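Colleague: Fit chain B to the given chain A structure using the hints.
Protein chains in written order, with the numbering used here: chain A, 1 to 230; chain B, 1 to 362.
Keep in mind that the hints were calculated from the coordinates and are not lab data. Just so it is clear, the structure is predicted and the values come from calculations on it, not from any experiment. Backbone N, C-alpha and C fix where the C-beta goes; we use that ideal spot for every residue, glycine too. Careful: at least some of the hints might be erroneous.
Pairs of lysine-lysine residues, derived as DSBU-like cross-links and limited to a Cα-Cα distance of at most 35 angstroms, are as follows [what the hints assert, rightly or not]:
#, chain 1, residue 1, chain 2, residue 2
1, B, K350, A, K122
2, A, K123, B, K355
3, A, K229, B, K355
A partial selection of chain A residues facing chain B, derived with a Cβ cut-off under 10 angstroms [said to hold, decoys possible]:
#, residue
4, V85
5, S178
6, Y201
Now the stretches of chain B that chain A is said to cover, found in silico as 3 or more residues with beta-carbon under 8 angstroms [unchecked claim]:
#, segment
7, 119–131
8, 257–271
9, 303–313
10, 331–337
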Amino acid sequence: MSTEHVTEARTSVYVYEAPVRVWHWINAASIVVLAVTGYFIGNPLPSVGGDTSDMYVMGTIRFVHFSAAYIFAVGFIGRIYWAFVGNHHAHQLFTLPFWRGEFWRELFFEMRWYLFMERAPKKYEGHNPLAQFFMFFAVMLLSIFMICSGFALYGEGQGIGSWQYSLFGWMFDIFTNSMLLHSWHRLGMWVLVVFIIVHVYAAIREDIMSRQSIISTMISGERMFKDSKD
Amino acid sequence: MGETTETFYDVIRRQGISRRSFMKFCSLTAASLGLGPAFAAKIANAMETKPRIPVLWLHGLECTCCSESFIRSAHPLVKDVVLSMISLDYDDTIMAAAGHQAEAILEEVKTQYKGRYILAVEGNPPLKDGGVYCMPGGTPFVDKLKYMAEDAQAIISWGSCASWGCVQAAKPNPTEATPVHKVIKDKPIIKVPGCPPIAEVMTGVLTYILTFERMPDLDRQGRPKMFYSQRIHDKCYRRPHFDAGQFVEAWDDDNARKGYCLYKMGCKGPTTYNACSTTRWNEGVSFPIQSGHGCIGCSEDGFWDNGSFYDRVTDIKQFGIESTADKVGVAAATTVGAAVAAHAALSLVKRAQQKGSQSDEN
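Extracted from the complex, chain B is given alone in its bound form:
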């Protein structure tokens, strides 16, 4: 770890990266954050003058898909720059140090950068039985998380695990896996959901925080607006087929070959906030819908528990495992309709009887 006065730029140059490459990174970052051309210079200036802020990357209950995504950030410079630039002082999955040597870094940063470092959390802590279901370095992850969060400036919740709970928190959630914001309540938390989040989104969020030294604007659910303010559906290139009423009716039908809308195949694009349909994946090559499969809504809360990935009207768990709004509705309407018919018939009989007895009285 370098001195506190070392800037990002110093580190970058020390890593042997040319100024030309550095400027390219700055303009690309400005573009990906949706900022004007003038901001490229501002980012460059910030990186040249500001002392770098260390990022500690903790891993709880997770599958490392966030890390896998992160290290594939499209622009080659991001790999070079971000890994060195952001001063990723601790990331037990990809760091060289191991064992006690690695754990010592946590202590060092916690004291030396008190109140300044960023805590990036991949995965979430299981709370059941004192947190014994995730024990990095021999201590429950929940304790490690709370301890390291004490002196952090802000927390980034990487991925759907840290943001919502994801698969390990899906019903019945045997280990009581709990998203970060329900454990840490006194720190600003930025949620970057997705399973995994898009690489450029991850590096974009980090770069924004480090260069402007403030949190990006967050939406109602705590996600950066710049990447999560629109649904997949809003920017989907198949949207014209949706509006036209042209849908894939079955996998491999003619409409699928024509690239029609996957709405009827259960695409969750209309209910999913993410940047996939604009940023895309793997250097902008494609994204699920472009590959012919509907969005599964992986960046949304509880996406494992909201019914099939392949139905549009999905199961509502409050009404049994497999009952959709339509199933419940049709069943209720049929029952009530039959009851009404029976009641009407009975009413007629009663009325006839009453008429009969009345005429007897007369």
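Here chain A stands alone, though its shape is the one from the complex:
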């Protein structure tokens, strides 16, 4: 091994604009809060004793859940807005180039990289195709489902005359028993939990093993490439 360090030209591209980065972390925080409180809404903490009129444990948990849900939903709407006005990376989350053969070829290449069948990964400014695939389903579509089902369930408590029920009551045409919608909303939470495990792992791994920065990119917005090769 040579003692001299090989110097590589490192280039960077500005990928994630400030609103996207802010949304990412607000979204992450609200999902954590929603998942934890949601878990305890379906599976409440052990009973508290004492005077009922002094206690508001379940009420507080539900309040935090609903507040975080509003932040999550408003953030998602803001993110959709930014997909239109932001740079071309901003709408990647909402699109899946389903008809582009190149996309699927690169997706399979990325899968082979994850199965240790490729020696070196490719470089991407935005999401790699595999990541884009999961972002589209696990973040974009699932968020829409969670918002629709969540507001439908919330609308039940607000009453059938409420705007929440008026806007999202159609969920009960699909899930005719509210219990069923509760179950699917909860299942959606678990899908998000699984996504977070994979997402965090992949981000750390890519940061170390891929040819571009990942984690710091979501903080600074700059995607740094570790080498100058194609």
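Modeller: Leaving out everything else, chain B in the frame of chain A:
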């Protein structure tokens, strides 16, 4: 059956019911429908002037619990008035006539009150094998239902059987029992679900239709809003214990004796639309939660197929017989977590190998 010009009031008086009792019934009905005091007089006026509309009560695949509930309607007058007042011209379970004599009434009403009578259906038609699994009067019930629905003004689906299918439609539904609205598509249908529905709800719905001659406001699923617009949970007297976080943890524990919330014991109050927690049962004596047992959600669609009555996070049948969202979720998260850990370990090994070969090249 009386003349077409006979009013409700005529019938009531003929039955020997005093005007005082009649007025009492009118005010009680107005109250139970959530109407203002002025409506008592309107109901009375309607009953005095309007010709009575016959109600035909058909029985399909059912257990008669709707009828049992109906005849126990709390106010004594309801028994007297409703049974005579609504001109229940046909109800094979409780009518005096039998056999061909009874069946003849159906024909008579169908022609004489064409487009005006109300068809109340208790139970539902099984469709499999031409409907042979329910044969009242020697014909498949589905044929009888379709035939009588042709000239009806509206249909009332009594109970969860007629509204959703209930137990006979629970998986695997061997007789293909089908709720009324999936068989009759061209008539207004009012669903009054429950197993059985509350007696006062049943008489309330009937009285509303007959006195105002229009359908009550219905919700998204076709249930009268006045009785089904709120969940049991929304008006439950144990709700403060829910908000406080005070739950029954096991049957017969101290919390059960204290009357805490039955949410953890699988109470379906939060997902069930019905009037039990306000109207209650048996002359307002009690309702399931008040008796210490959770709501089983009997007025909801497919309540037999939505997991245990005693779990809060219930089974989702799409994932096998006994898997709840939590079981599926924990299993998936554990599997993926293990896979991630293994993948990370393998990645480290690979990286070390590559580093090794790179340094060899150098």
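Colleague: So, for every hint listed, does it hold in this structure?
Modeller: Outcome of the hint check:
no. : hint            : in the structure
1   : K350/B x K122/A : 17 angstroms, holds
2   : K123/A x K355/B : 20 angstroms, holds
3   : K229/A x K355/B : 18 angstroms, holds
4   : V85             : 35 angstroms, violated
5   : S178            : 4 angstroms, holds
6   : Y201            : 4 angstroms, holds
7   : 119–131         : violated (count 0)
8   : 257–271         : holds (count 6)
9   : 303–313         : holds (count 5)
10  : 331–337         : holds (count 4)
In the structure shown, a violation is registered for the earlier hints numbered 4, 7, in ascending order.
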